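Below are the chains, spelled out letter by letter.
Protein chains: 2
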Amino acid sequence: MKKEIIIYTISDSLGGTSRKLLAAVTAQYPDLIFDNRHRFPFVTKKEELLEILQDALKDNAVVITTLVDDGLARLAREFSQANGLAYLDLLHPFFEIIEQKTGERPIEVPGVIHRLDTEYFNKISAIEFAVKYDDGKNPQGFLDSDIVLLGVSRTSKTPLSIYLANKGYKVSNLPLIPEIPLPQILDKVDRKRLIGLICEPDKLAKVRNNRLDSLGLSHSSSYTDVNKIYEEIEYSEAVFKKYQAHVINMTDKSIEETAYLIEEHLKGLN
Amino acid sequence: MKKEIIIYTISDSLGGTSRKLLAAVTAQYPDLIFDNRHRFPFVTKKEELLEILQDALKDNAVVITTLVDDGLARLAREFSQANGLAYLDLLHPFFEIIEQKTGERPIEVPGVIHRLDTEYFNKISAIEFAVKYDDGKNPQGFLDSDIVLLGVSRTSKTPLSIYLANKGYKVSNLPLIPEIPLPQILDKVDRKRLIGLICEPDKLAKVRNNRLDSLGLSHSSSYTDVNKIYEEIEYSEAVFKKYQAHVINMTDKSIEETAYLIEEHLKGLN
Numbered sequence: 001m002k003k004e005i006i007i008y009t010i011s012d013s014l015g016g017t018s019r020k021l022l023a024a025v026t027a028q029y030p031d032l033i034f035d036n037r038h039r040f041p042f043v044t045k046k047e048e049l050l051e052i053l054q055d056a057l058k059d060n061a062v063v064i065t066t067l068v069d070d071g072l073a074r075l076a077r078e079f080s081q082a083n084g085l086a087y088l089d090l091l092h093p094f095f096e097i098i099e100q101k102t103g104e105r106p107i108e109v110p111g112v113i114h115r116l117d118t119e120y121f122n123k124i125s126a127i128e129f130a131v132k133y134d135d136g137k138n139p140q141g142f143l144d145s146d147i148v149l150l151g152v153s154r155t156s157k158t159p160l161s162i163y164l165a166n167k168g169y170k171v172s173n174l175p176l177i178p179e180i181p182l183p184q185i186l187d188k189v190d191r192k193r194l195i196g197l198i199c200e201p202d203k204l205a206k207v208r209n210n211r212l213d214s215l216g217l218s219h220s221s222s223y224t225d226v227n228k229i230y231e232e233i234e235y236s237e238a239v240f241k242k243y244q245a246h247v248i249n250m251t252d253k254s255i256e257e258t259a260y261l262i263e264e265h266l267k268g269l270n
Numbered sequence: 001m002k003k004e005i006i007i008y009t010i011s012d013s014l015g016g017t018s019r020k021l022l023a024a025v026t027a028q029y030p031d032l033i034f035d036n037r038h039r040f041p042f043v044t045k046k047e048e049l050l051e052i053l054q055d056a057l058k059d060n061a062v063v064i065t066t067l068v069d070d071g072l073a074r075l076a077r078e079f080s081q082a083n084g085l086a087y088l089d090l091l092h093p094f095f096e097i098i099e100q101k102t103g104e105r106p107i108e109v110p111g112v113i114h115r116l117d118t119e120y121f122n123k124i125s126a127i128e129f130a131v132k133y134d135d136g137k138n139p140q141g142f143l144d145s146d147i148v149l150l151g152v153s154r155t156s157k158t159p160l161s162i163y164l165a166n167k168g169y170k171v172s173n174l175p176l177i178p179e180i181p182l183p184q185i186l187d188k189v190d191r192k193r194l195i196g197l198i199c200e201p202d203k204l205a206k207v208r209n210n211r212l213d214s215l216g217l218s219h220s221s222s223y224t225d226v227n228k229i230y231e232e233i234e235y236s237e238a239v240f241k242k243y244q245a246h247v248i249n250m251t252d253k254s255i256e257e258t259a260y261l262i263e264e265h266l267k268g269l270n
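The listed protein sequences correspond, in order, to chains A and B.
So in our numbering, spot 129 of the first sequence is number 129, and the numbers just go up one at a time.
So in our numbering, spot 106 of the second sequence is number 106, and the numbers just go up one at a time.
Hints should not be assumed to be uniformly reliable.
Below, in silico cross-link-like pairs of lysine-lysine (DSS-like), each with a Cα-Cα straight-line distance of 27 Å or less [as the list claims (entries may be wrong)]:
{"hint": "1", "chain 1": "A", "residue 1": "123", "chain 2": "A", "residue 2": "137"}
{"hint": "2", "chain 1": "A", "residue 1": "206", "chain 2": "B", "residue 2": "132"}
{"hint": "3", "chain 1": "A", "residue 1": "123", "chain 2": "B", "residue 2": "206"}
{"hint": "4", "chain 1": "B", "residue 1": "267", "chain 2": "A", "residue 2": "58"}
{"hint": "5", "chain 1": "B", "residue 1": "206", "chain 2": "A", "residue 2": "167"}
{"hint": "6", "chain 1": "A", "residue 1": "132", "chain 2": "B", "residue 2": "206"}
{"hint": "7", "chain 1": "A", "residue 1": "253", "chain 2": "B", "residue 2": "45"}
Rather than coming from a laboratory, the hints here were simulated on the basis of the structure.
Remember, predicted model here, so these are calculated numbers, not experimental data.
Given only the sequences and the hints, what does the whole structure look like? Please build it.
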């Protein structure tokens with residue numbers, strides 16, 4: 001039977017930082033079960049914090065905190081030390097380093113990470129842009145895009161567009177279908193912004209089969225025929241060559257990894 | 001003049017955890033400039049790591065590492081201690097707590113957080129779902145949705161749909177426009193899944209004005225007329241009442257905060 005470990009995450013904001021770290025850490029323990037349902041966002045009162053810490057102690061849990069308030073963080077630290085509670089403060093070790101370096105102290109305002117500032121609104125409008133110009137819906141948008149993704153069906157164009165939009169890029173994408181002529185406006189797009197996505201045909205056939213399964217459709221179509229897919233990929237490679245698109249092979253890569261390669265390509269151009 | 005602090009992030013994977021923490025920390029220091037352009041993902045060799053650490057020392061930087069490999073992490077720690085380099089290891093304090101609790105050691109495989117597993121593919125298909133059923137494009141999708149967002153123009157329906165899709169929910173949304181009849185299928189949607197978004201009219205007028213600016217359009221339209229917006233909001237509130245939608249006021253809330261309230265509402269129903 002797998003061992004279980006209970007995690008309490010406590011934050012005076014939403015607690016997103018703890019969850020991100022937790023995802024990275026738990027991935028390193030395939031043989032352990034992490035029970036991370038004990039999430040306490042928006043904790044701002046000492047009494048409330050103390051109650052949660054007492055419950056954590058009863059549960060023999062590991063406590064992770066992202067509390068910007070120094071008083072709350074100190075309470076959690078002292079309680080944990082006094083009671084032998086396993087405890088990790090993600091923020092204050094960093095705050096201490098910054099104080100040593102610069103003499104500056106944190107403003108201790110929870111949740112400012114989600115400030116509704118210009119950067120935030122740019123991100124929102126980049127996401128709206130990606131949704132609007134997904135799937136070649138309005139090729140006019142190619143001219144305003146930072147990145148135009150090209151690829152045959154199931155090469156992750158949509159999730160990749162959204163992921164890059166989350167990083168603030170204006171992204172559009174165009175599915176390449178041999179039977180459908182390319183929009184003329186593609187001639188006018190800055191070649192440096194064109195990214196061609198390819199995938200190994202066998203892998204693509206598998207992904208497409210899964211796709212049909214999830215839609216409840218049968219498999220006997222050219223959509224999943226490996227020979228047909230070879231033709232499609234060849235066609236797409238010819239398009240990439242013609243338009244001098246930067247080609248990325250996304251087989252077995254996560255969206256995050258493919259996005260990283262695209263960002264590196266763009267940086268290399270500056 | 002603002003003080004500057006140089007941050008080096010070193011990871012044997014993409015380094016997303018460091019960046020998330022860094023965003024939370026830097027938000028606490030509005031008077032400091034953080035130079036976080038020094039990002040070193042996919043570092044897996046000791047020589048490479050040592051070079052980066054030496055550069056960090058020259059730059060008087062703060063080093064943040066997410067290195068799952070114990071040998072690399074130890075090298076970074078020992079180098080930093082020996083040379084007085086400010087250094088923060090995000091993973092190993094957590095690894096140590098887990099070892100104390102369970103005796104288990106991490107598998108030390110970089111990047112497993114981006115495993116292409118079922119959860120990952122569910123997330124991808126939720127994002128595709130949200131893009132497909134954005135803006136009431138295909139109301140048939142309402143029946144398959146975990147969440148259907150309703151609201152007048154500029155109540156953050158699209159970015160909210162995408163954010164919730166990132167958490168694995170299947171989300172569709174419908175813009176409410178007094179002049180356009182509601183799709184009949186709305187009658188068949190489980191009321192518990194309906195979320196109505198409202199916003200203070202003055203705030204909405206401001207957001208819409210910004211929207212027109214960004215599109216390069218003039219402002220003399222009913223779209224930004226506060227009286228007209230009052231009518232729209234009233235209409236939307238009547239719709240929410242009729243369909244018993246759960247109403248959330250998103251004025252001055254970030255997407256993350258609004259999404260949190262929606263998730264809490266859904267949890268409360270289980």
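Comparing the hints with the structure gives:
no.: 1; hint: 123/A with 137/A; in the structure: holds (21 Å)
no.: 2; hint: 206/A with 132/B; in the structure: holds (22 Å)
no.: 3; hint: 123/A with 206/B; in the structure: holds (18 Å)
no.: 4; hint: 267/B with 58/A; in the structure: holds (24 Å)
no.: 5; hint: 206/B with 167/A; in the structure: holds (25 Å)
no.: 6; hint: 132/A with 206/B; in the structure: holds (22 Å)
no.: 7; hint: 253/A with 45/B; in the structure: holds (21 Å)
Of the numbered hints given earlier, the model fails none.
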